Amino acid sequence: MRWFRRHYGAGPLHLAGLLACFAVAAYAVTRVFGVSGWKGILLWFVFCLIGHDLIGWPIYTAADRVLTRTQQRHPGRQESLVPWVNHVRVPVIISGTLLAMFFPLIFRLSQTRYTDYTGFNENAYLANWLAVTAVLFATSGVIYLLRLGLSRRRRVNG
Amino acid sequence: MKAVREDGPVPPNRWKSPVRGPWLTSVFGLVLLIGIPVEFITGLISYAAYNPRLKGNDPNPNHGLFGFYLFNWATSPAWLYRFIEGVHVMLGLVLVPVVLAKLWSVMPKLFAWPPWRSISQLLERLSLVLIVGGVVFEMSTGILNIDYLNPITFYPGHFYGAWAFMAGFAVHVAVKFGDMVHALRSRRMRTELRTGLANTRSEPLDGGLVAPEPAPPTISRRGILALVGGTSLAVFVLTAGETIGGVMRNFALFGTHYRAPDSGANHFPVNKTAVSAGITASKTGPDWRLELLGPRRVSLSREDLLGMALTTADLPIACTEGWSTVQRWTGVPLADLARLAGATDHGTADLRALESTGEATLSASQVSAPDSMLALRVNGADLSLDHGFPARVIVPSAPGTHNIKWMSQIVFSEPG
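Residue numbers (our numbering), protein chains in the order written: chain A, 1 to 158; chain B, 159 to 574.
Chain A with its partners taken away, still in its complex shape (with noise of 0.2 Å):
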């Protein structure tokens, strides 16, 4: 027990659970094999692999970088001290969340089975995403000007 420790790094239990967890996943993919459109599913699954930690991530730190970089260098009026940084993110993240889930319908890229299968057409949701991502930003806005001025009195009366 001690040398099988020492030579795989945990328990035999631990080696257990992962063979049984492999061979559940290669019975996956034999499954796989049979549906006519197999290298398409293998394909996106091997993109959605690297979809978030190689595409996404990289592409949201850096526009996070440049948000908050641009806010230390314009941290605002200096009496209010209250950030704005924030206040971006989120009708920002919010807003961008709802195109990443909805774009084909934004985008209209499936207008041909949309009409088919409801009998309207796309065009309607990219008025949607831009009224909601309207309300978001300017919900964010009033609510910083109300901490600006509720600071703003603070800072008078204390």
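There could be a bad hint or two in this list.
[Said to hold, decoys possible] A few chain A residues facing chain B, derived, Cβ under 7 Å:
no.	residue
1	Phe-4
2	Ala-10
3	Val-24
4	Val-32
5	Gly-37
6	Leu-42
7	Leu-49
8	Asp-53
9	Ile-55
10	Val-90
11	Met-101
12	Leu-105
13	Phe-107
14	Thr-118
No wet-lab data here; the hints were simulated from the structure.
None of these values were measured; they are calculated from a predicted model.
We put the beta carbon where it would ideally sit given N, CA and C, even for glycine.
Put chain B on the given structure of chain A with help from the hints.
Just chain B, lined up with the frame of chain A:
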């Protein structure tokens, strides 16, 4: 070169977030630990609801051992499929922001250096391929399917992908559960919710997630939780009305069925229009007949059907894509049609639509369920062409695709 060998491609001091840490990761982890098994179980049930063991019903005919659990799908309560599928789709959408937050929170682990210290750790990291790839695969195939964009074959991809994903998920939970509990106990949620930006400090160094040289905080932990929760709430409000209905449907601005054609009795969402199915008025006019095939062969006009004993029931049509609507249907019980064709109601029924636009096999219990009917009217008016005129099948708790519209033929089979 020396630095790369010692610290890897991204040295620990390059990570700057002061809020990343085991506690925050574990909060997201706990939500997913509850949510993802619900997704898996509702997904498996949803597949069973197709009654895949009956002829022509199986979207994954080569399911092999993964079909071990299949059972005869229930017809009562009538809202069962609507509920299961509504939970599956809406919870799945709501979990997307949590999954993204979880992936962001563990990014430093991807670049952990050296990549492995033992064989056990190497295998563990390989199993992460299944959960990182798997969770994005399941989310993306599900979402693209409800958005009507199918770059890959949906049913087998989503089904077999779920099994591979859950294999990795089970191992990940087994390995990390203790760490999660430990991390959750390291801080109090109530204290975190009272801690603003000014008092936000890094979690104690853990040699992995916590940045050794953090930047000053720009958001508090409660701020991150509110942001992720708020994004989930926004997704919920903007989609869930599709299945909850009522006033909520007007807010489902990113649902595919928040609008309904027609007005009056037929004013509810359509799945597949008559035009797209090639159904024209001439095919559904006075010459239309419903053919019943059993020990006897019977041909019925719409007037014949309306002359039979009719039943009325409030039943949902619930789509695999998650949307649903409950309407008041009036029609001939399927069991009566079976008897008319000389069949007992203990056999299956093969449904066929005009122009081969739809086909499904109903189980014996679906044929004999009291509210199962060939609907002729909805909400007191004749069915519209888009809703399946002259006649459509409605079966309690069946997936929408089995409620065949524009019916032309029912083949009743004897049991055995």
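List of violated hint numbers, smallest to largest: 1, 6, 9, 13
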